[in-house]
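K.L.:
Please construct the entire structure, taking both the sequences and the accompanying hints into account.
Protein chains in written order, with our numbering: chain A, 1 to 111; chain B, 1001 to 1114.
Hints may contain errors.
As the list claims (entries may be wrong) - Just so you have them, the derived chain B footprint on chain A, three or more residues with Cβ under 8 Å: (1) 12-19; (2) 36-42; (3) 71-78.
Claimed, not checked - Covered stretches of chain B (chain A as the covering partner; in silico rule of three or more C-beta atoms under 8 Å from a C-beta of chain A): (4) 1065-1078; (5) 1082-1093; (6) 1102-1110.
Derived from the structure by calculation, the hints contain no laboratory data.
For every residue, glycine included, the Cβ atom is placed at its ideal position computed from N, Cα and C.
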Amino acid sequence: DTAVSQTPKYLVTQMGNDKSIKCEQNLGHDTMYWYKQDSKKFLKIMFSYNNKELIINETVPNRFSPKSPDKAHLNLHINSLELGDSAVYFCASSQDGQPQHFGDGTRLSIL
Amino acid sequence: GNSVTQMEGPVTLSEEAFLTINCTYTATGYPSLFWYVQYPGEGLQLLLKATKADDKGSNKGFEATYRKETTSFHLEKGSVQVSDSAVYFCALTGTQGGSEKLVFGKGTKLTVNP
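P.N.:
Laid out in structure tokens, this is it:
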């Protein structure tokens, strides 16, 4: 059973398009996260939701909009994609300060 | 703010060599410390953790001790295997709004040759 699953695994699209990445966790966790990993492997948090409420919103362009329809899902919508958005995006979840569980990532490539 | 500094890679070792990857941190309060591992083409997996000073985390032959006096959490393994080839990330939690925010080091790529 996959604990944190993201779709799609790969996403190739053109500059200016709008795309979404979906994340689901079946661990019953209250908190979910989005991280961005750049080409140098550096990981940085983007957003965190706790019970569907936005908790952390780092300095991320407002072209990025997270949506949490329920506590098991946290989707990431990106408008007007730019070349610099090319990265691997990781979803994660946790409960009560326990270690975060990560998905396998979505590799986004902008042409 | 909180930050993590880990040794720059890449690190290349022969099988059965001893591994150390240095990690130091800056944080307010008493963070929890973690090592995550990322195998090629995969997501991050928790390798080990320590939640208070002098705690030792261990897993799969890897160890790290939470040293408050030196603000360090160095990763060690006595005898590496080819299957240990991966990128290793040191991280800490900093709490923001009740949600545990992970702050990562830049990662250290380890290659183990047979």
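K.L.:
With reference to the structure, classify each hint as holding or not holding.
P.N.:
Verification of the supplied hints:
Residues of the segment 12-19 of chain A lying with their CB closer than 8 Å to a CB of chain B number 0, which falls below the three-residue condition for coverage. Look at the segment 36-42 of chain A against chain B: 3 of its residues bring a Cβ nearer than 8 Å to a Cβ of that chain, three or more, so the hint holds. Interface restraint, the segment 71-78 of chain A with chain B: violated (0 residues with C-beta to C-beta distance below 8 Å; minimum three). Against chain A, the segment 1065-1078 of chain B contributes 0 residues with a C-beta closer than 8 Å to a partner C-beta. That does not satisfy the three-residue criterion, and the hint is violated.
For the segment 1082-1093 of chain B, the stated coverage by chain A is satisfied: 3 residues place a CB nearer than 8 Å to a CB of that chain, which reaches the threshold of 3. Against chain A, the segment 1102-1110 of chain B contributes 6 residues with a C-beta closer than 8 Å to a partner C-beta. That satisfies the three-residue criterion, and the hint holds.
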